[in-house]
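Number of protein chains: 2
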Amino acid sequence: MPLQYNEYYNEQTGLTIGLKKLLFSKQSEYQLVEVYETDTWGNLMTIDGMVMLSERDEFVYHEMISHVAMFTHPKPERVLIIGGGDGGTAREVLKHPSIQQVDMVEIDKTVVEASKLHFPGVGDFNNPKLNVLYEDGIAYVKNMKKPYDVIIIDGSDPVGPAEGLFEKDFYQFCLKALTPEGVLTAQTESPWVESYYPSMKKVFSALDDLFPISKMYLNYIPLYPAGMWSMACASRSEDPLGDGVLQRAESAQNILSALSYYNPDVHRGAFALPNFVKKIIQ
Amino acid sequence: MPLQYNEYYNEQTGLTIGLKKLLFSKQSEYQLVEVYETDTWGNLMTIDGMVMLSERDEFVYHEMISHVAMFTHPKPERVLIIGGGDGGTAREVLKHPSIQQVDMVEIDKTVVEASKLHFPGVGDFNNPKLNVLYEDGIAYVKNMKKPYDVIIIDGSDPVGPAEGLFEKDFYQFCLKALTPEGVLTAQTESPWVESYYPSMKKVFSALDDLFPISKMYLNYIPLYPAGMWSMACASRSEDPLGDGVLQRAESAQNILSALSYYNPDVHRGAFALPNFVKKIIQ
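Chains A and B, in that order, are what the protein sequence lines are.
Here the first sequence is numbered in numbering that gives the first Met the number 0, starting from 0 and rising by one per residue.
Here the second sequence is numbered in numbering that gives the first Met the number 0, starting from 0 and rising by one per residue.
These are computed hints drawn from the structure, not numbers from a lab.
Any given hint might turn out to be false.
A pair holds if it fits inside one copy or across any two, identical chains being indistinguishable in the list.
Claimed, not checked - Lysine-lysine pairs mimicking BS3-like chemistry, simulated, CA-CA at most 25 Å apart:
#	residue 1	residue 2
1	128	74
2	144	201
3	94	278
4	277	25
5	94	277
6	25	74
7	145	19
8	145	200
So that you can see chain A by itself, here it is in the shape it has in the complex (with noise of 0.2 Å):
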């Protein structure tokens, strides 16, 4: 094993974590997921040589591709995760008592294994509101038979299995799976590695073409290229910075108190976006 991990995201340039012992490793039909204890992060989780979480940065993510959607709804009870297999997102949306029903549809069970083994607080499996499915996320919202209030787009990068979920026929397939109110967020990379502008640029034009309201925001993922992430958020009817939104979240301080990153300010702060990142999507 090596004695750090290194994910190069410009030529040489990218983030180095320190090792202590590899946990986990297996070639599932679709990828390589590996499991590493790291030296600051707690355990770390990678895909064919990218990180997906550790278990000390992950509630950003999770708390951010969540909640932003959950409060922008007036009332979720149906949501769709597509991906999620480490759980983390179903984790944030159970928090909502609202909640009847996620189905999480991940293609790949190593994920979901590898997750209950070695990141323990991270899914909520035993949580009788939800739902996994090992499936293909796309034929899934393709076949769809009742529509859902949020859907959660919590794949990986845009090369190998995830490719599809960057793509204009997925999100047209998405806007249908929809109620009328519903919303979509989804993960869209990091606005400092040039070589995913192409994808980000198609899912925000996508986005655009089909969505009424569709808008970016960013959150700080410290494990992730460059530490700015991305997130597109998107629906027919519900703005995300929509008045009564940032109310409704205010008022549910159940669920606000045990939060690490989200508030109602970063919501409203997260689609402030600095001059350079709207170019990219323009």
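Following the hints, position chain B against chain A.
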């Protein structure tokens, strides 16, 4: 020369930057100043093994440490920069037409020398309104003769010569060196690096004691530890989120149109602190 520059902020975890060439290396009276040509970040300056700036990402730090204070003050004419030897902060300050004089007090001439040679787009050293002094910033503020509208503490990390820039005594001198409407900003390290928490707490508790208004704000700097960077803004009378500040910024389209990071939305959004960040300085 190594092929990669490594800066570890938590044991063996940190940043790795691909290098092409060593361009400058000088042990000054105070510190080791080096400049490398990198793979994808242009030229990179390091001091005692800590990243100071790269040509590609310097705009974030320099715009955010300058324009927040410059728009918070109703009409900044006299500005003091402590440190800031690369010249980038002065360059941003000088974009404001109300400016009459900028005094930059840099302890180490070597930093200015390296910048003039290898960061031609960063400094605006020939600007007649800029007055560069090679002195100890703390002593300078202590003996200040005519007060300033804005003071910007643009020092390096709280080890070595910049240590005193994190002490309460120093901020007491700053308070005296400010006009009644004066505004101070300072760089205050990464909220993900626990070893800097004592310094961060010390600064914010000092500012809180001394200034009626003092707030933390954040920005994303890819080549600084963990990519999330904090800054402080403090004043006797001017609230960086007060009425008029954002309108003042909004109306300065001649300045805004040439910026890559700062805009009035980003100004406001930067003050939205994630819960875990608030806890550090509570």
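Task: Violated hints, by number in ascending order, as checked against the structure - done: 2, 4, 6, 7, 8
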